[in-house]
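Peer 1: Spelled out from the first residue to the last, the chains are:
2 protein chains.
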Amino acid sequence: MFRETQARSVAKSLSWRLLGTVSTALLVFIFSRRVVLSIAVGTAEFFAKLGLYWVHERFWDRLSYGRRQVEPAVVWFTGLPASGKSTVADAVAETLTSRGYKVERLDGDSVRQLFPKTGFSRAERDEHLRRVGFLASRMEKQGVFVVASFVSPYEDSRRFVRGLCRNFVEVYVATPLEECERRDPKGQYAKARRGEIANFTGVSDPYEPPANPDVVIDTTNARVEHLRDRVLSAIRDG
Amino acid sequence: MFRETQARSVAKSLSWRLLGTVSTALLVFIFSRRVVLSIAVGTAEFFAKLGLYWVHERFWDRLSYGRRQVEPAVVWFTGLPASGKSTVADAVAETLTSRGYKVERLDGDSVRQLFPKTGFSRAERDEHLRRVGFLASRMEKQGVFVVASFVSPYEDSRRFVRGLCRNFVEVYVATPLEECERRDPKGQYAKARRGEIANFTGVSDPYEPPANPDVVIDTTNARVEHLRDRVLSAIRDG
Chain A
1 MFRETQARSV AKSLSWRLLG TVSTALLVFI FSRRVVLSIA VGTAEFFAKL GLYWVHERFW
61 DRLSYGRRQV EPAVVWFTGL PASGKSTVAD AVAETLTSRG YKVERLDGDS VRQLFPKTGF
121 SRAERDEHLR RVGFLASRME KQGVFVVASF VSPYEDSRRF VRGLCRNFVE VYVATPLEEC
181 ERRDPKGQYA KARRGEIANF TGVSDPYEPP ANPDVVIDTT NARVEHLRDR VLSAIRDG
Chain B
1 MFRETQARSV AKSLSWRLLG TVSTALLVFI FSRRVVLSIA VGTAEFFAKL GLYWVHERFW
61 DRLSYGRRQV EPAVVWFTGL PASGKSTVAD AVAETLTSRG YKVERLDGDS VRQLFPKTGF
121 SRAERDEHLR RVGFLASRME KQGVFVVASF VSPYEDSRRF VRGLCRNFVE VYVATPLEEC
181 ERRDPKGQYA KARRGEIANF TGVSDPYEPP ANPDVVIDTT NARVEHLRDR VLSAIRDG
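Residue numbers (my numbering), protein chains in the order written: chain A, 1 to 238; chain B, 1 to 238.
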């Protein structure tokens, strides 16, 4: 939430005063055709109103009337590991931030780093997702855009999160398994194939595609900017 | 986050215009002693500047200069069941809200309702608290005051949460066990004594008092307003 500093009120007062005094002096001249009178009124007005305007600004800073809370959204990216969720989500978050919105970026990898005990069983994944979804929904209620990227493989968990949020935008990153496995930036698919990682989504754990996603994107041979814009256009108010 | 509506800009333009035009007409009169000229300049100024001022307002709405982000806090109430955490926390949250701040109220009972599978073993309590603390810390970073009331019996969990937050205010509600047990609003102490509830803090599970709490309160025979004010005075910027 914001409060205006004294410096902002002073700067606004000065910028208005320049605009205001020039126009006043001009008006006096148009009506009286007297140069000295115009300058005298302009000069007196400059100092008198500088103070009045500042008082007016401070008064309005205390009034909340007409300060509109922006209606944000929870933009939820779901898809296989290495499908390109984080890349597109980063681009979406960056654009929303550059538009002056408050944005919370939640990513599967970084949240799990903070909660290393969270496992990959169905129950643990589900609980993890529900907790993150709860966080996202509370953020949204406070006026913050949430851009979340999680494998989130189960329809059940995603439905729970949708139910908590007001404006839930589900982005299904439907890059085919073969392409994800070809990329394999952390070598996890290879390990999963060798049986070194258990419960790996796409290999040894199911991925349940969303039944009614709001946006479907495939990152194979696609430009990030293009995919980002498709997601942004699905967000009201974004 | 806020944007100003057109209606706010129009209302501000009108309120300033009344103030501005009366003072301009007065100035013209003081310098010229001509009533008709004063009224003519005032009238022309009224309409000309109404538009100029509105343009000036819309321009400044796009500038972030001088909009100060308030530095919020995570106010964390810890203490035995029925010690009075929620009552004082509600009062603190209400006051912060009335001061125009954004406030997130998190309460042990209501969060657990959403996550009914969360048990009361040491590991489960600890994980639960850490998750809630993570939520609180992210809220704080977005400029929201968090008022949390949880038994949170373990020093370890509380230290983890403190580490995540920027401005963590720990409120130890040190109402004695005997008083909490005498109140027993939900009959849980009685059940715990009869062995019908396992791991009940204060009876069959330990409560580790905070080593360095920021505020210590005892709700025995104390007025809520007094305790609320003691907590508020420990919050910077509150």
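Some hints could be false.
What the hints assert, rightly or not - Simulated coverage check for chain B against chain A, where a stretch passes if three residues somewhere in it have a Cβ under 8 Å from a Cβ of chain A:
no., segment
1, 14-25
2, 40-50
3, 55-67
4, 109-122
5, 165-174
6, 196-205
7, 209-220
As the list claims (entries may be wrong) - Covered, in the sense of this in silico footprint (three residues per stretch, anywhere, with C-beta under 8 Å from a C-beta of chain B), are these stretches of chain A:
no., segment
8, 10-20
9, 48-60
10, 92-106
11, 134-146
Just so you know, the hints here were simulated from the structure itself, not pulled from any lab data. For each residue, glycine too, the CB sits at the ideal point set by N, CA and C.
Peer 1: Look at each hint and say if it fits the structure.
Peer 2: Now the hints, each set against the structure:
1. Check result for the segment 14-25 of chain B against chain A: holds, 6 residues qualifying (beta carbon to beta carbon below 8 Å, three or more required).
2. Coverage of the segment 40-50 of chain B by chain A holds in this model, with 6 residues showing a Cβ closer than 8 Å to a Cβ of that chain against a need of three.
3. A count of 6 residues in the segment 55-67 of chain B with a Cβ less than 8 Å from any Cβ of chain A is obtained; the coverage claim is therefore met, three being the minimum.
4. Beta-carbon proximity to chain A at under 8 Å applies to 4 residues in the segment 109-122 of chain B; the threshold of 3 is reached and the given coverage holds.
5. Evaluation of the coverage hint for the segment 165-174 of chain B: breached, as 0 residues show C-beta separations to chain A shorter than 8 Å, against a requirement of three.
6. A count of 0 residues in the segment 196-205 of chain B with a Cβ less than 8 Å from any Cβ of chain A is obtained; the coverage claim is therefore unmet, three being the minimum.
7. For a cut-off of 8 Å, the count of residues in the segment 209-220 of chain B with a CB near a CB of chain A stands at 0, and the three-residue condition is violated.
8. Taking a C-beta to C-beta cut-off of 8 Å, the segment 10-20 of chain A contributes 6 residues in contact with chain B, enough for the three needed, and the coverage statement holds.
9. Given a C-beta distance limit of less than 8 Å, the hint that chain B covers the segment 48-60 of chain A holds, as 6 residues qualify and 3 suffice.
10. Coverage of a stretch by a chain is defined here by at least three residues with a beta carbon nearer than 8 Å to that chain's beta carbons; for the segment 92-106 of chain A and chain B the count is 4, and the condition holds.
11. For the segment 134-146 of chain A, the proposed coverage by chain B is satisfied: 7 residues have a C-beta within less than 8 Å of a C-beta in that chain, meeting the threshold of three.
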